[in-house]
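Q: Residue-level listing of the chains:
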Amino acid sequence: MSCVRAVLLVQSLARGRAGIRRASHLGTPFPQVPPLALRSLHCSSAPHTSEKSEKSLVPRPPESGKRLAKVPAPWEDLFHPAPGGTRDKASFVRAVQSFEQHNVHKRGHVDFIYLALRKMREYGVERDLAAYNLLLDIFPKEVFRPRNFIQQIFLHYPRQQECGVAVLDQMESNGVMPNKETKFLLLQIFGRGSHPMLKLERMRLWFTRFQHINPFPVPRDLPHGAVELATLGLQHMEPDLSARVTVYQRPLPDDVTDPGDLIQPHIVGIQSPDQQDALARHSPARPLFVEGPFSLWLRNKCVYYHILRADLLPPKEKDLEEIPEEWNLHYPMKLDLDYARSGWDDYEFDIDEVEEGPVFAMCVAGAHDQETLAKWIQGLQETNPALASIPVVFQLAGSTGELLTASGPEDPRQSQREGREEDDHLQRQQQGQS
Amino acid sequence: MSGCRLFLRTAAGARTCQALMDPRASRRPLRTCPPRRAFAKELFLGKIEKKGVFPFPEVSQDELNEINQFVGPVERFFAEEVDSGKIDREGKIPDDTLAKLKSLGLFGMQVPEKYGGLGLSNTMSTRLGEIVSLDGSIAVTLAAHQALGLKGIVLFGTEAQKAKYLPRLASGEHVAAFCFLEPARNDAASIRTRATLSEDETHYVLNGSKVWITNGGIAEIFTVLAKTKVVDSDGSEKDRITAFIVERDFGGVTNGKPGDKLGLRGSNICEVHFEDTRVPVVNVLGEIGGGFKVAVDVLNSGRFSLGSVVAGMLRRLIELTAEYACERKQFTRKLSEFGLIQEKFALMAQKAYAIESMSYLTAGMLDHPECPDCSIETAMVKVFSSEGAWQCVSEALQILGGLGYIKDHPHERMLRDARALLFLEGTNEILRMFIALTGLQHAGSILTPRIKELKESRVAIAMETMARRLWDTVGRTVDLGLTDDPGVVHPSLGDSVTKLEENVFYFGRTVETLLLRFGKTIVEEQLVMKRVANVLINLYGMTAVLSRASRSIRIGLRDHDHEVLLASTFCMEAYFQNLFILAQLDKYDPGNLDELVKKVSQRILEKRTYICAHPLDRTT
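If you read the protein sequences in the order shown, they are chains F and V.
Number 122 in the numbering used here belongs to position 122 of the first sequence; there are no gaps in the numbering.
Number 553 in the numbering used here belongs to position 553 of the second sequence; there are no gaps in the numbering.
Just chain V, with the same shape it has in the complex:
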């Protein structure tokens, strides 16, 4: 195994050399063109930012070979040596499995080579993540270690901190965990863990407890958010959050018993308590009082690692289920001959295709040197892939019927594991709010002058808007420049592209109307924001599949006609979904039941019971 590791290292080294010679890197400081804009944010304005999205990001042949060299041993290891059933039954990843994962270098995928990691790009770690995701528990353990636990040190650590901690973390000698959630309390302050500076000002004394810490029981290094007293610019003393790197050896660190979970049973999720833990001042991560930024950045980037790994699981799932459907006979026919079963496979393939496309598109964006803020994109990938995974696994289990419900089959374990993805690393509801609000903030600040003029009811502006509305409804053909240029989308996908453009255009219009209607109070309109987020996710998915399918056609990948089929079906479905949602966002739409929905739930929550009388009740 160590041989394998050595081999991986050399490969990584070779890649660095090649990266140094990469023309992209040398082109970077010149920047002759305007800076790239984030794709999703531009969608809110009804525009499509083609840079970075069309054409689909590619890796060079050398890089591809290199990834495949990584992938081979890992794939073999997961196929032959990882017993997911056993991990699930025993609720623990066996030590030898962990040791092999470490020796494969999987604990340091994204740690720079300088510090002993593999230094993989986002694209490459997504590829490896696909394989890792064959076992949910291992995937979550690794994600918590490197996407959350040590990410803070990579992003914000000083040179000394990196040199001290990263090598041991990359080798897997130490496991990292990220601690920010605290037990729920009634009062407003969500972080109660406190770090007080000792009198000699050499260290902080940390007190408090954190809950839901993945790897909490096995981690040696914790990134902890705690309140500290900070003197503000105006001289007043305030409580601010600061991030600390805490070693278990500092003392006073205890952890609770890992909870008995529904899924992801091999992962170690527990409470961690800090009692008079003495943290040296040099272990402050980032600035003192700058913990909020650390936390937000780590969470934003950490989301991607969990969201992007689903594709591998879905590939495996489709294989497993297709095998069963083609062998099993029912009513003298094979299961695979029934339309309702075929429909489920089409759905799974479509979802898997979209998830893959979105993941690798986003990974490519993140890897680009001029990467703008892609936090919306990563959040969208997480939401879409976790929901897609849950839906696909559930449908696959349906195909198996009762057999899938039995523990002998991997389906039930996958179902339980997939359920957790819907709420890990920010529940999907929270992420939808994040997606919508971040985009609306962007669009809102750009549209401010226009909306203000409209609000002041300048006649000219109002007339222009009305004329525009009229023109929109009477019949305009939307052209955002994706079809004209033959280099963007392949003509055989022309129909889907028109649909995408139409959706994007009217989405921009709807966002403008929403901002005009609600302004900053849109924060309170969660149902509206959910719809905005859903449209955006659909649009992003459409873009990703179109971009990927075009590339496949153009370079002549095998089975690209199948890709075209998947892409057009996906786009068609997403298009009609979008039309429906956009119609619901209209103020007087009869399909918008928000008020009624709110009323129903208000009544129920007021009484805290299902109110209706029993159907057998009588009045006399």
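Here chain F stands alone, though its shape is the one from the complex:
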């Protein structure tokens, strides 16, 4: 047994040395971004910036009353941007490297890592695997590895291990899959049975299984334009792939915005051929309703849509359509037998199905007033001539009882606020440990 242990120890030591060498190699101050980082630079999303156009789409979360008094973190000054410098990946890397240069003994590296985790979103590197690996690389190697079974049983260097888990946590919430380098770093730092390693193994297992669990995936980077976002939302809701999106009205471009009454909200609608047919067959005696707005969340954005619907036909008016005899000249469409499927071949569950009335079209508009929606109905009339003779009733919900879009200036700070919440979370974690 001891023999085996010795062999293992030798192996791990050798690996550790290699790691140290590699780490020192990585740690040399680079004038630029390391090549690995370059590769994924263009995939990382730009920092979340709110545009004017999407202001109305982002709702206001409940206002939180409490504000934590801000205490400057120990290494805050490293992240102060140089005058004229931008916050991007290169500057993030530079900040991390300067920490390593200033601090050869890596004193306070746990605090620094927590801080850097909080800053990642500002630098737009929160989905960048290389940045996380860089952070993990700050940990001193081989120091926190348990060397005997007692250390192995009890949490060895708990604060450091928790910090490592926090890094992985943030990767997890941003959907960043750890790679071999991450694993190698964690092995060097904490050893095989440590908590960060367990976390890593779990991530590698479950990420692959949950990656495509959503049957209706939403793209990771949502489009910024209101029309494009509306199109995406409508296509997301519409089950029929032959449905066509029509832009009935485009918003005025930003640069020619005149103050005053020239506001022109966008109107984007969707309708499938089946819906068109159903609308053409709809009896003019029965009114149509425009209802809404209903909310649809696409990741962190919300769009409001309206539907054009009718009431369900009463049962006696249905089934008037018979299959015309010529429908199929080649073979009979039904058998003239008076017995149907027997019970043991009937796999239908006994479900109470509540039938709803037909929906003929959907739209997303920039404004939810009747005037705008009437324009949509006018646009629909071009492709649905029957609509001209059917009365349309507008049943628009008031501003009460629904999530209202923010029209004020809070929106640009949305991302910061989210960031701050995360900060709070991390800080609380930190405080809980220390």
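Don't read these hints as lab results, they were simulated from the structure.
Yeah, the Cβ is synthetic: ideal placement off N, Cα and C, and Gly gets one too.
Among these hints, one or two may not hold up.
[Unchecked claim] Here are a few chain F residues that face chain V, going by a calculated C-beta distance under 7 Å:
1. Thr208
2. Gln211
3. Leu241
4. His330
5. Pro332
6. Lys334
7. Leu335
8. Leu337
9. Tyr339
10. Ala340
11. Ser342
12. Asp345
Fit chain V to the known structure of chain F by using the hints.
A: Okay, now just chain V, sitting in the frame of chain F:
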């Protein structure tokens, strides 16, 4: 050529006289025996109707001589003067070829002599069709002309209509076309062409367009299906289909450009538009509002002409390919010495033999004066022969290898032509549904009392059924009376006959179970019905080859031992296929993958894409 035509006419005349003296014709009204039942429908009940099937229908020596007299000139004409390659290249049948076809009387094969046609029986026109089928384009043109275009007038026309149109159609002066398909629309009504009665009630005004009209560009006479307003028996006004005979001279008839097709390039298939065409009231075909029946009858009978002509093409194909295989050397041996090549020839011969047998058996049934409804049989012939043709041509091309892929060889043209047979005149999928549903309807209505009793779960009936099932499985020898009677099937085919009987018997049982399980909702179970149709086609093929081979042995035709060989191989293969299909029709059969198949395709159609990720994709 006109001399030849005159000769054909005299021959036809002679045949009529002889037909008048035919004892069969005089026996007909007596009908001492029960009426003949349709063979295929009886199969659904697990019975074999021997009348009309055993023995194989024969023609008399006089008739045979007469057919051969017809066949000679036509065969010579096709061998010497028809240049199929040229027709295919130019996408048009040359006018002189058409003129000669007309002078040979081929445009009026099935028009009664009274109206200037040849008045050939189904058997005889099948024989001529074999030769015509050497060129696919001509075969399709002729089929569309006489099996569809003018068939309506022959079947439903009044005396005046027949006298007016048939002579000119029979001589080929006018070409006919049948118009029923319309451009696809989203709404349910498939026929939108409308005929409205004019105010003076002397004519109808026809408006609408039709697609996929064979001969649409060259036809003078069209049989058109259109919607008309008809006052129902209860006084309400309804839209019903009516068939009309429309001449191009009525005005307002235009046609589109013939499409550039993959195969059958010489045939003229295009759109036809009718705009305010004035059709006199006397040109209504059949009853007003009775167009549905006209259409169904014409389509049912028209199917046979296309299905039965394949045999001639296969004979020619085997000759062409065998010549190549025996001359070409590969690896110092002749191609014909390789087992895999020999297998292909066996397959071709087997298919050709079965197709021939089925075609002539069906033709004989149709020609019999007491002919019951044979629409299932004709549909089966069409399905089997079109699929057989496609398979054989493809195998033949495989034997030729790259050479067959080149335009110099007729194989590639035959391949392209044969492909069209799979969907012309009702796609094979539709015909399978037709075969299964028509048979199931027949069996279902006969079995109704029994199934109802079973459903009410009468103990006695249930016990009897269970005992019967047990008896079936434990071991019963099926005897449907084909082997006992020495007059039915020759004893040297005894083994195959037992197999046929066994298949038929268990097919009947399976149909009963299916009806019990699904009832009228079996319409929705297309995969089940496809299997039912496949079994039935196999059974019909087995019957046809057995009946034909028995006759050949008995009358001592040349090479009848080869026929026996072909018949037994075919039966053996069909038997095992049937066993497999019947097993799949069992509810809990592990070989039945229908549910999985449906699931796969549902997912794909929902997303409208091949869903799987690329094999090189990664999750990280």
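Q: Could you check if F:Leu335 really has its C-beta closer than 7 Å to a C-beta on chain V?
A: OK, holds: F:Leu335 within 7 Å of chain V, min 4 Å.
Q: Closer than 7 Å between Cβ atoms is the bar; does F:Ser342 clear it against chain V? Give me holds or violated.
A: 6 Å, holds
Q: Hint validation: F:Ala340 versus chain V, beta carbon distance must be below 7 Å. Holds or violated?
A: 4 Å, holds
Q: Can F:Asp345 be said to touch chain V, with a Cβ gap under 7 Å?
A: 5 Å, holds
Q: Does F:Pro332 pass the interface check with chain V, least Cβ-Cβ distance below 7 Å?
A: OK, holds: F:Pro332 within 7 Å of chain V, min 5 Å.
Q: Is the hint on F:Gln211 kept, meaning its closest Cβ partner in chain V is under 7 Å away?
A: Cβ of F:Gln211 sits 6 Å from chain V, so the hint holds.
Q: Against chain V, is F:Lys334 within 7 Å by beta-carbon distance?
A: 6 Å, holds
Q: Would you check whether F:His330 satisfies its interface hint, that is, whether its CB is within less than 7 Å of any CB in chain V?
A: This interface hint holds because 5 Å falls under the 7 Å limit.
Q: Going by Cβ atoms only, is F:Tyr339 closer than 7 Å to chain V?
A: 4 Å, holds
Q: Using the nearest Cβ pair, does F:Leu337 come within less than 7 Å of chain V?
A: 4 Å, holds
Q: If you take the shortest Cβ to Cβ gap from F:Thr208 to chain V, is it below 7 Å?
A: With Cβ-Cβ at 4 Å, under 7 Å, it holds.
Q: Tell me if the interface restraint on F:Leu241 is satisfied: Cβ within less than 7 Å of some Cβ in chain V.
A: 5 Å, holds
Taken one by one, the earlier hints all hold for this structure without exception.
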